[in-house]
Amino acid sequence: MGLFFHIGRYASFLRSVLRRPEKASVFRRLLAEEMAAIGLQSLGIVALLSVFMGAVICIQTAHQIGGWIPVYTIGFTVRQTMILEFSPTLIPVILAGKVGSNIASQLGTMRVTEQIDALEIMGVNSAGHLVLPKMLAALICIPFLVILSMGLGIGAGAWVAVSAGLSSMADFEYGMRIDFNAFDVTYALLKTCVFALIISSVSAYHGYHTSGGALEVGRSSTKAVVYAVVIVMIANLLLTQMLLG
Amino acid sequence: MIEIHRLSKSFGDQQVLHDISATFHPGKVNFIIGRSGSGKSVMTKCTVGLLEPDQGHVSYDGRDFTAMDRMGRKAVRQEIGMLFQGSALFDSMTVEENVIFPLRMFADHSEAEMRDRAAFCLERVELPHAAVKYPSELSGGMQKRVGIARAIAMNPKYLFCDEPNSGLDPQTSIVIDNLIGDLTAEFNMTTVVVSHDMNSVMEASDFIHFVHQGQIAWHGPSDDLLHAEHPELEAFIFASKLMKKVRSNPRPKP
Chain F
6 MGLFFHIGRY ASFLRSVLRR PEKASVFRRL LAEEMAAIGL QSLGIVALLS
56 VFMGAVICIQ TAHQIGGWIP VYTIGFTVRQ TMILEFSPTL IPVILAGKVG
106 SNIASQLGTM RVTEQIDALE IMGVNSAGHL VLPKMLAALI CIPFLVILSM
156 GLGIGAGAWV AVSAGLSSMA DFEYGMRIDF NAFDVTYALL KTCVFALIIS
206 SVSAYHGYHT SGGALEVGRS STKAVVYAVV IVMIANLLLT QMLLG
Chain A
73 MIEIHRLSKS FGDQQVLHDI SATFHPGKVN FIIGRSGSGK SVMTKCTVGL
123 LEPDQGHVSY DGRDFTAMDR MGRKAVRQEI GMLFQGSALF DSMTVEENVI
173 FPLRMFADHS EAEMRDRAAF CLERVELPHA AVKYPSELSG GMQKRVGIAR
223 AIAMNPKYLF CDEPNSGLDP QTSIVIDNLI GDLTAEFNMT TVVVSHDMNS
273 VMEASDFIHF VHQGQIAWHG PSDDLLHAEH PELEAFIFAS KLMKKVRSNP
323 RPKP
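So the protein sequences, as listed, match chains F and A.
First residue of the first sequence: 6, per this note's numbering; consecutive thereafter.
First residue of the second sequence: 73, per this note's numbering; consecutive thereafter.
There could be a bad hint or two in this list.
Covered, in the sense of this in silico footprint (three residues per stretch, anywhere, with C-beta under 8 Å from a C-beta of chain A), are these stretches of chain F [what the hints assert, rightly or not]:
#, segment
1, 14 to 20
2, 58 to 67
Keeping only pairs whose Cα atoms sit at most 30 Å apart, straight-line, the calculated DSS-like set for lysine-lysine is [unchecked claim]:
#, chain 1, residue 1, chain 2, residue 2
3, F, Lys228, A, Lys117
4, F, Lys28, A, Lys117
5, F, Lys28, A, Lys205
6, A, Lys317, F, Lys28
7, F, Lys103, A, Lys205
8, A, Lys313, F, Lys28
Since the hints were derived computationally from the structure, they do not count as laboratory data.
C-beta: ideal position from N, C-alpha, C; glycine also.
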């Protein structure tokens, strides 16, 4: 089916999702459950990847510098890499795989087992009931995960730099502070919010519109991750040009 | 009473429903029967609004459902209960939570009142001890009964059952059929059952609509079914050896 068909159906889907929830108490409970699923259950993988990436960036930078390049460049590079690109872009890409496939397969299974039809028959706006809590939970949790990733990555870089004798703590700290622009963090969080909405809504769109059986649920899950990652990458380029260009 | 008036539905070039009309009577179990692919499921989905018909309209007690806006349909849907072919229970919730769900969404009951209502509905389908179990812990027949309990939780005026006996053994099928019949009379619901199981048709139906090639080819009270003179209906009813034996020794027409 054509690109315009999907754009139109995605817009119509979002219109249904963004309707007022049927009951605030039910919505709050669903939101809390989704925040646990999207946020708390992603803490481990985000922490692990961030620590290792921060450490690796530190060692790679130390390996490159020498001669006239000052040692504090290690701290500077770790900071800039984590804040500008690794945490706000690669963490959402990883979450597109973890959270996105989970959302798509959950909704896809609900679709093929008629659970979504059951909601509709009861008079429940199924798209809003199932997807809005996921989108809001992603919008709240993913920026927090990204902030955590920045902190852990830079911390791991500092620890490796000092413990491996690549840099003194004073040099690393100096590098971390030099030319710091607070807007970089704002830019990172802005794009993280956009990516969170893309990941949750694109995955939900693919899961919600699944038809068939188990095979199609698997296909929807794969498509959800692929499309979410591609759209995140395109959005990354556009946002970076808009905000930093 | 549910009335379907000149309903048509196509998917691409394939027309599934052709100008179909039917009336489903209150307090009765109305069966829609027909071969696989005849259009009975599409007809039901158009009736409850899961599919939009290309033309025609559906009315619930005189209210034109097809012409209603989203809020109007939402109000009518709260008067509809539906039992799905695969039960469609929410697998992340316990049985009790499944039954409570429609009440939680739309009724202003206290938690205790909702639990009492769920207990009543589960008692009514003879599953009072299944409340804390998850759907995956239940047999197919028990899942169907929980589906019925959820469907009647809001005290509906209309009950739709899509292939309620698919995948069930004959004895469990009879339990489900009797339950649907009893609840229809007890709550004075307009019940519509989609089925191609002749045992179920003979057991539970009051009125029958036979769908063939997207049209109502025959309709009438269930007592007239075995005497109907319609070649396609005869071929459908007497397809099995059992029903052929029934034909050779028919019950006298009342």
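The hints, checked one at a time:
1. Counting residues of the segment 14 to 20 of chain F whose CB falls under 8 Å from any CB of chain A gives 0; the rule of at least 3 is not met.
2. Restraint check on the segment 58 to 67 of chain F versus chain A: 0 residues with Cβ-Cβ distances below 8 Å, three needed, restraint violated.
3. Annotation: proposed proximity of F:Lys228 to A:Lys117 holds, straight-line Cα distance about 28 Å (limit 30 Å).
4. A distance of roughly 26 Å separates the Cα atoms of F:Lys28 and A:Lys117; the hinted pair therefore holds under the 30 Å criterion.
5. Taken as a hint, the F:Lys28 and A:Lys205 pair is honoured in the structure, with Cα atoms around 26 Å apart against an allowance of 30 Å.
6. With a C-alpha separation of about 56 Å, the suggested pairing of A:Lys317 with F:Lys28 is violated against the 30 Å cut-off.
7. Proximity of F:Lys103 to A:Lys205 is assessed by CA-CA distance (about 29 Å); at most 30 Å being required, the pair is judged to hold.
8. A hinted pair counts as satisfied when its Cα atoms are at most 30 Å apart, and A:Lys313 with F:Lys28 does not qualify at roughly 53 Å.
The structure fails to meet hints 1, 2, 6 and 8 from the earlier list, while all remaining hints are met.
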